[in-house]
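Q: The residues making up each chain are set out below.
2 protein chains.
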Amino acid sequence: MDTKVAPFARLIEQFERLPGIGHKSAQRLAFHVLSMTNQQAENFAKIIVDAHEKIHKCEVCCDLTDSDLCCVCSSPSRDRSKICVVEDSRDVMAIERTHEYDGLYHVLHGAISPMNNIDINDITVNKLIPRLDPDKVKEVIMATSTTVEGEATAMYISRLIKPLGIKITRLAYGVPVGANLEYADEYTLVKAMEGRKEL
Amino acid sequence: MDTKVAPFARLIEQFERLPGIGHKSAQRLAFHVLSMTNQQAENFAKIIVDAHEKIHKCEVCCDLTDSDLCCVCSSPSRDRSKICVVEDSRDVMAIERTHEYDGLYHVLHGAISPMNNIDINDITVNKLIPRLDPDKVKEVIMATSTTVEGEATAMYISRLIKPLGIKITRLAYGVPVGANLEYADEYTLVKAMEGRKEL
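Just so you know, the sequences run in chain order A and B. Letter by letter, the first sequence follows residues 608 to 806 in the working numbering. Letter by letter, the second sequence follows residues 608 to 806 in the working numbering.
Don't take every hint at face value.
The list cannot tell twin chains apart, which means a pair is met if one copy fits it or any two copies do.
[Said to hold, decoys possible] In the DSSO-like style, the derived pairs of lysine-lysine whose C-alpha atoms are separated by at most 27 Å in a straight line are:
#: 1; residue 1: LYS689; residue 2: LYS734
#: 2; residue 1: LYS774; residue 2: LYS804
#: 3; residue 1: LYS798; residue 2: LYS743
#: 4; residue 1: LYS631; residue 2: LYS769
#: 5; residue 1: LYS631; residue 2: LYS661
#: 6; residue 1: LYS664; residue 2: LYS631
#: 7; residue 1: LYS774; residue 2: LYS743
#: 8; residue 1: LYS804; residue 2: LYS653
#: 9; residue 1: LYS631; residue 2: LYS653
#: 10; residue 1: LYS653; residue 2: LYS664
#: 11; residue 1: LYS745; residue 2: LYS769
#: 12; residue 1: LYS774; residue 2: LYS631
#: 13; residue 1: LYS798; residue 2: LYS661
Source of the hints: derived by calculation from the structure; they are not laboratory data. Since the model is a prediction, treat every value here as computed from it, not as a measurement.
So that you can see chain A by itself, here it is in the shape it has in the complex:
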């Protein structure tokens, strides 16, 4: 900022700190805030503080919630014999959008990554293990991402769970629906080939 309007410069800087927002976008967002009514701007501010204050981890699955239990854990209609283990709340949202999964979740809030100094104690595995009563839980679906870290995390957790005798599954690898084979990388193609099914 060259013209030194301090509150405005601070607003731009604040937006610039958000992920994926460069200087030009931050400027555009800041101008948008100025074009709001006072009421709207105060509301925006309140929503930020509110969300921050009220949202915390679900006591059971560690997903984000504003109550003690998240809406999945507290729902009577979910199948309690399946737990889908994901890296973060965004993954829960993505799976919920499919409207196909009716089990529970466990949100790890990360993946093991020695490179970034994230080890098993930094993710919520210690909250997952006590949930795994073999009389109630029949399947744990490892739905961590298919990155090196996600794979390592899935392997590590599945080794912890194995002794309990619960079935452990991993999401299928393959070519994304609607994708052109040309753009699929070799590893994905190898996995898709290996996992091929009879028609």
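Since chain A is already given, all that's left is putting chain B on it; use the hints.
A: Here is chain B on its own, set in the frame of chain A:
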């Protein structure tokens, strides 16, 4: 949002209302806000309200400022014989970044656009005319954008000013620096050809 965490859904919605932010980006921004410390989130909220409360139009040039006069109008080092007329504060910032212009500005906050019901009374022309004392102002640079609306606005204002006998100029049209001719449109090329200079 499928999982019904209301304060979080509201935060996502709020971000989604910002220009150029789609649902996925809004989600990412909302998660970023949650990852802030309480202090940071409150600060973010405060900056929004602050900017909104404190910023208003400069009494003289209508640029945005948090004092009576903006930093350009109040600077003793600016050349008061030149006024550069722009559509909005972003344009002031863009020109200031060049560090080449030392005159004053006038911010119209829009351009005449019959299509959008914006006429001459919706922009700050009525604040521009009283500034044009021919003893003091020697040049008015029309730096509105080169869209149909910007051109119409420049023409309209220049006709209003003409009787005062002040020199009126328009930014040069031409091929942007660093651009490949191949990608320039015909109108730009015609203008660039017309405005060619001897080397």
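Q: Reference check for the pair LYS774 and LYS804, CA-CA at most 27 Å: within, between, both, or neither?
A: Classified as within; 22 Å inside a copy, 78 Å across copies.
Q: If the cutoff is 27 Å on CA atoms, where do LYS798 and LYS661 land: within, between, both or neither? Let me know, please.
A: Intra 42 Å, inter 58 Å, cutoff 27 Å: neither.
Q: At 27 Å max between alpha carbons, let me know whether LYS653 reaches LYS664 within a copy, between copies, both or neither.
A: both (21 Å within a copy, 26 Å between copies)
Q: From the Cα coordinates, with 27 Å as the cut-off, is the pair LYS631 and LYS769 best called within, between, both, or neither?
A: neither (51 Å within a copy, 36 Å between copies)
Q: Between copies, within a copy, both or neither: which fits LYS774 and LYS743 at Cα up to 27 Å?
A: within (12 Å within a copy, 85 Å between copies)
Q: Pop the pair LYS745 and LYS769 into one bin, within, between, both or neither, using alpha-carbon distances up to 27 Å.
A: within (12 Å within a copy, 84 Å between copies)
Q: Under a CA distance limit of 27 Å, which applies to LYS689 and LYS734: within one copy, between copies, both, or neither?
A: within (16 Å within a copy, 68 Å between copies)
Q: At most 27 Å between alpha carbons: which applies to LYS804 and LYS653, within, between, both or neither?
A: neither (52 Å within a copy, 57 Å between copies)
Q: Quick one: LYS664 to LYS631, C-alpha cut-off 27 Å, is that within a copy, between copies, both, or neither?
A: For LYS664 and LYS631, the Cα distance is within 27 Å only across copies (21 Å; inside one copy 34 Å).
Q: Is the C-alpha distance from LYS774 to LYS631 at most 27 Å within one copy, between copies, in both cases, or in neither?
A: neither (50 Å within a copy, 33 Å between copies)
Q: At most 27 Å between C-alpha atoms: does LYS798 with LYS743 qualify within a copy, between copies, both, or neither?
A: Neither. Shortest intra-copy (32 Å) and inter-copy (76 Å) distances fail the 27 Å Cα cut-off.
Q: One pair to classify: LYS631 and LYS661, alpha carbons no more than 27 Å apart. Within, between, both, or neither?
A: Intra 32 Å, inter 22 Å, cutoff 27 Å: inter-copy only.
Hints 3, 4, 8, 12 and 13 from the list above are not met by this structure, while the remaining hints are.
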